[in-house]
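Position chain B against the provided structure of chain A, taking the given hints into account.
The listed protein sequences derive, respectively, from chains A and B.
Position 32, counted from 1, in the first sequence is what my numbering calls 43; the numbers after and before it change by one each time, with no gaps.
Position 79, counted from 1, in the second sequence is what my numbering calls 372; the numbers after and before it change by one each time, with no gaps.
There's no promise every hint is true.
To be verified - Subject to a maximum C-alpha distance of 20 angstroms in a straight line, what follows is the list of computed EDC-like cross-link-like pairs (lysine to aspartate or glutamate):
| # | chain 1 | residue 1 | chain 2 | residue 2 |
| --- | --- | --- | --- | --- |
| 1 | B | Lys949 | A | Asp70 |
| 2 | B | Lys953 | A | Glu101 |
| 3 | A | Lys49 | B | Glu863 |
| 4 | B | Lys683 | B | Glu725 |
| 5 | B | Lys949 | A | Glu101 |
Claimed, not checked - Sample of chain A residues with no beta-carbon within 10 angstroms of chain B, all distances over it, derived:
| # | residue |
| --- | --- |
| 6 | Ile42 |
| 7 | Leu83 |
| 8 | Val111 |
| 9 | Thr114 |
| 10 | Thr118 |
| 11 | Tyr136 |
As the list claims (entries may be wrong) - Just a few of them, taken from the derived set where beta-carbon distance is under 8 angstroms, the chain B residues facing chain A:
| # | residue |
| --- | --- |
| 12 | Leu954 |
| 13 | Ala964 |
| 14 | Gly970 |
| 15 | Val972 |
| 16 | Leu974 |
It is worth saying that the hints were derived from the structure and are not from the lab.
Yeah, the Cβ is synthetic: ideal placement off N, Cα and C, and Gly gets one too.
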Amino acid sequence: MSDEQVHEFETKQFIVFSLGDERFGIDSLKITTIDRMKAITRVPKTPNFVKGVINLRGDIIPVMDLRAKFNLPPTEETEETRIIILKLEEISIGVVVDQVLQTIQLTSDSIESASTLINSADSDYILGIGKVDGEIVTLLNFEKLVKL
Amino acid sequence: MDMTQYLQIFIEESNEHVQSLNQSLLQLERDPEDKDVLNEIFRVAHTIKGMAGTMGFTKMTKLTHDMENVLQAIRNSEIAVTSDLVDILFKCLDALENYVSTIVATSGEGDKEYTDIMASLKSILENKGTISATPVNTMNNDSKSSDVSAKYITEKLVFDEFEKSAVNKAIDMGMHAVKITVALNKGCLLKAARAFVIFQTLEKYGEIVKAQPVVQDIEDEKFDSEFTVVVLTKEDKQLFLNEINSIAEVEEVLASYLSKFNVDAKDAETENKIEAKVPEKIEKIEKVVAKEENIHEAAKQNIAHKKTQRTVRVDIDRLDVLMNLVGELIITKTRLEEADITSNQQEYRETIEYLERVTTNLNDAVMKVRMVPVETVFNRFPRMVRDIAKDLGKDIQLIMSGEETELDRTVIDEIGDPLIHMLRNSCDHGLESKERRRELGKPEVGTINLTAYQSGNNVIIEVADDGSGINTEKTKAKAIEKGIITKEEALNMTQQEAIELLFRPSFSTADKVTGLSGRGVGLDVVKTKIEQVGGTVEVESQKDKGSRFIIKLPLTLAIYQALLVNVGNEKYFIPLGSIYQIYNWSADEVKTVQGQEIILLRNMVVPITRLADTLDIPQSDSKDKKQLKIVIVRKGEKLTGLVVDSVIGQQEIVIKSLGKLLSGIKYFAGATILGDGSVALIIDVNSIT
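Same shape as in the complex, but just chain B:
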């Protein structure tokens, strides 16, 4: 039977189930005694198992089956819920997520087996909940996977920082780290030579990052009959098993995938040192990785291009409304066709009025179909904050509210990354360590509030923490050091202005580069991203009380108010939301400062831009006019004046994309269609200077 037609449904439903597992697991961690949550988790795991089974994804089925066994044992009170146990369940969840994303990309579940996870699940069952046999954080390099027989577990592999970072990097780039244990025949005579052959074979397919015993010892035959290596590769472990098995005098080969190491964020310094020590090697690996990745990515994109469809799940009631309206539209059309304009003007006018009402409602209904609750973005944050908190060794509680607030699909897609960045920022920079909080007399558990609510035509999202607040003195000092402001400027700065410094490009106050933040991509990126969707960001901060980031987003991107202006023979729209005021300015009063034309608006220096020049528009008369028409727009907090020839008026416009071919061009946010059917471009105020 052809199952591909159900694939899309499978993907959507799996994603939904994985989401709900995520939430339930977090709840279970908070309250291990909660039987309802446990039952819910069991039910969801069972459903995923069933679905995967039907679709023929056997690896996924196997994993969920093992998960179910453990959950069943918990339900029967044979095993107690511990933090480590939840960690493993989370790992299962990540594995499931990986399966689903592989399916999205390739329509197949891939060949990752997650034997390490399954082994941990088994060992939990066998040991009645004690996970000591496979401690969670070292589980990554534990070889007790199901297909490794016990006799070869001689000693655990010990990795140094460089090796860890190499493995992590490779996995980040989508490669495998395969741990291979080779046992030679007891009677093997030239062990070193054999080992050499095996090494050569391995190096054909990847990069050996680790050998135990060390390579020198193997070469000197200072090993018993077995050795273990870790290879970074794009190939599957099966290939290595086959290859090495075909070499003479090899008694047994075992291979398993390593997962990522939890490199502590605070280790960044040592990491740097080591990177400096062995740069060539890293570079070499990176090259291999980059090469492999290119091929991999290209192939993946090709397939993904065909497979993934962007879909929206829509409330059936909303669809009904749409259907009804379209029905009415068709009735009106018939009425119009039949109406005799000359003899029955009254009837004609009524029909037109009716048509107007239907189209307005239709517009409204379509907009509603595009609306998605912010919940879809917020959902992933509790898990993320939990992981970050564990990494940083902080106690953090995330309180979310207003998840039901709805936003346009196009905006929703864009705000995920900025929000992740801000939450990380709050966790890392905002909230103090437990010790520091105790000193300050604050509760040890830091709180981050993530709130969404609607306000007029905007949706506001706030990220507030009760941490240390923004240290403005430090910010200023950093800005002076970077040459962004002078000492004098720093002295005259208000508190708020100092905070705004954070939004300058490549500004980071982190003393140390950590895994989480401080890598130079900072709040400026967040700001640009939010401004791209027509939103704004503001910050409030109080020392030792905390800081609050307020993001203001437009409800929808598709339709908004704009001002139509004339420049030469061309018409352009300027979004009304960014317009501050429109002035008639005397041309004599325009001053020039270092080639930049400026005007003095209530003692404020406002630079002006002649649209005709910037956009190479011919036949503009603004050059020789005595009076200039200036539309003052807000560019972030700054004002800029755009000189136009005349202002036509305000209109409600539907934004259309300029398409992939023209997506790279500056100055325009899109285009719209005028009443006469021609196209007018919408000016992107943020990119025009």
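Okay, chain A solo, but in the shape it has when bound:
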């Protein structure tokens, strides 16, 4: 790891959520709210990972289906299903996840660069791989994921 990255990751906090058996992490500074599942209005003629739009205190916010984005099979909504609202640059976007698990602090030495593990072209939205108590957490770069 370069010095610059070490510095950048020194004290970052991530929210960990699950999709099926996998665990993912989002930079907590990008999260505005975590909401219970609510009525999502489908928007016709959009890519399949756009689940629709919701009303968040008077604002219309698009919601993304991460399962569809990662080609995972759809599941039933449960008590644990959450919508994480992110603010990326000027845009707010919701993300549906199976369950929000915990908050973790990650230091640079527990994060591994993704490119050393995964060698696929579309892995640029993976910020890195974090290790917490022997578990693996994929840290996501949402700006890349929604192609801002």
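Okay, now just chain B, sitting in the frame of chain A:
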């Protein structure tokens, strides 16, 4: 001291002052003797100078200072106001405008110096008003800028059309055209070799479009000790000064920026010819320009993103009303909290009624805050028409009325471009030349009336000229030529239908492509733009009497009436303004023409669209129903039927944007929030087929 906190105020006020200068200058041109206007101009220039000085924008301060000197001389009757003088003052104004827009984008005034303008201002003062030393139209390539010493002005640069268009293009793309004069030491031995080194240095930073003497002569040493080149570049002239000064045996270097040439619109033909002759070169320049621009734009956008805020200036009275209403709302809230629902039903009901009244008023007041007079758009037109008239060699007077008519901010932002297009259209195609008008016995001065007024829930804006009117025969002929209609259709067309042809995509009746219009982007774009904000355009025209474009706009975009319909399990809104009628139609009577379902409505063929299919809505029962519910909507002049499952009813809705991420999708004009808090989409009738 940190001045950034005042930057926004500075920008707003400067824009206002520049606007008022614009108007005053036009007035001064009309009536050069008007002392009041002159004083006003002086006062405004002085204010801008003061403001710029306080903010530390020295270049802007210097320019306004020079302007003030000239204005002072006019006030003292030392100089007479001439059309050329006003032209230069307008140039100052443009320069000021440029400064302000640079400040908006970058928070700094940039490094443009406008030495040519300042030189003209100085020469006016020195020559007591005669501007012959720097004639206005050739001022662009005049080298008499303040930092050029007189001994090097040997001869004026002569540009051919290609060079002019290259320079103009570069400036359009935000680059500089730098004129550089290099004087070599008198005793320089290998002048050509020196020149070669200098050329090479220059080409590192830009493209040389012009050399005087011509390159061949320089190479053959057929020049005295100095030569002049024009370089198109993104760099500042200072860089060139430094670079060339560091080359040995260079005695002196002078550099100045060229401004745009006034390429006459009528020269388009010759321009084309020349472009054909030297296409590679233009392409090369364009490539350089495009490359530079990308970097430039990206950088600019990044900064602009952070700096520019969209603000509205609001009448303080309107804000007071808002404040009061919010106060009442809070009182009502407290009353509701305290009201015991079970024991005092009466009190509870009253409070709810009161709440209803307050929210309605609040809604009204907020709407009023969003209203802006059309004046803010109209303001720039007198100057624009003046410039176009000069370009075309026509006498045009623009009469505006109803500038105080108010429109919603969102609509105001959208109508500027369409109006510019229509005004240009009137100036260029509508109004005849002076000679032609004399022949027809019309006054030589052509008139364009720009009128705004409110009518019910709409604002109407009319652009009317007393020109030749629309030549429907020519329009039809053109339409046949383009294969838009057949000869038979043309014969059966009414006058009005022929006029409507103008709104077809890429339809232009201009015989010649001019700088102003006829480039294929035409009235269809105007129409689309206006329809996007929920408006309509109509045309009336009479041969040799003139034409009138009538634009009808909704007062506001934010709130309007819409019809809520059900399709399958989903709910959609259709704007009431575009609904023609709602029918129950027997499914058997739906016919198919080449795969398109149609119905015959009072002998009119109306195509129908099944919303369930178009929007991929599952579980719709309209497929197997005997009776179809059809909402007939207007798409421009045409009717289309939208098949829905059921109609729920009419509602007042607040439009919300779908946001940047979904802004590209078709079929929807936005979304709104239903009573239960869920979201329903609003169908964009114009894009659905």
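Do the hints match the structure? See the list:
1. Proposed proximity of lysine 949 (chain B) and aspartate 70 (chain A) is supported: the alpha carbons are some 7 angstroms apart, at most 20 angstroms.
2. Restraint check for lysine 953 (chain B) and glutamate 101 (chain A): the C-alpha separation of about 9 angstroms stays at or below 20 angstroms, so the hint holds.
3. A hinted pair counts as satisfied when its Cα atoms are at most 20 angstroms apart, and lysine 49 (chain A) with glutamate 863 (chain B) qualifies at roughly 16 angstroms.
4. Taking the CA atoms of lysine 683 (chain B) and glutamate 725 (chain B), the gap is about 14 angstroms. The hint holds against a cut of 20 angstroms.
5. With a C-alpha separation of about 16 angstroms, the suggested pair lysine 949 (chain B) and glutamate 101 (chain A) falls inside the 20 angstroms cut-off, and the hint holds.
6. The non-interface label for isoleucine 42 (chain A) is consistent with chain B: the shortest C-beta to C-beta separation is roughly 17 angstroms, beyond 10 angstroms.
7. Its beta-carbon lying about 22 angstroms from the closest one in chain B, leucine 83 (chain A) satisfies the requirement of being farther than 10 angstroms from that chain.
8. Every CB of chain B is more than 10 angstroms from the CB of valine 111 (chain A) (nearest about 22 angstroms), matching its label as outside the interface.
9. Threonine 114 (chain A), annotated as away from the interface, keeps every beta carbon of chain B farther than 10 angstroms; the closest lies near 27 angstroms.
10. The beta carbon of threonine 118 (chain A) is kept farther than 10 angstroms from every beta carbon of chain B, the shortest such distance being approximately 31 angstroms.
11. Distance to chain B confirms tyrosine 136 (chain A) as a non-interface residue, since its nearest Cβ pair spans about 16 angstroms, more than 10 angstroms.
12. A hinted interface residue such as leucine 954 (chain B) counts as satisfied when its beta carbon comes closer than 8 angstroms to some beta carbon of chain A; here the least separation is about 5 angstroms, so the hint holds.
13. The beta carbon of alanine 964 (chain B) comes within 5 angstroms of a beta carbon in chain A, closer than 8 angstroms, and the hint placing it at the interface holds.
14. The closest approach between the C-beta of glycine 970 (chain B) and any C-beta of chain A is roughly 6 angstroms, which is under the 8 angstroms cut-off, so the hint is satisfied.
15. With a cut of 8 angstroms, the hint placing valine 972 (chain B) at the interface with chain A holds, because the nearest CB-to-CB distance is about 4 angstroms.
16. Satisfaction of the interface hint for leucine 974 (chain B) is found here, the shortest Cβ-Cβ separation to chain A being roughly 7 angstroms, below the 8 angstroms cut-off.
When each numbered hint is compared with the structure, no violation occurs for any of them.
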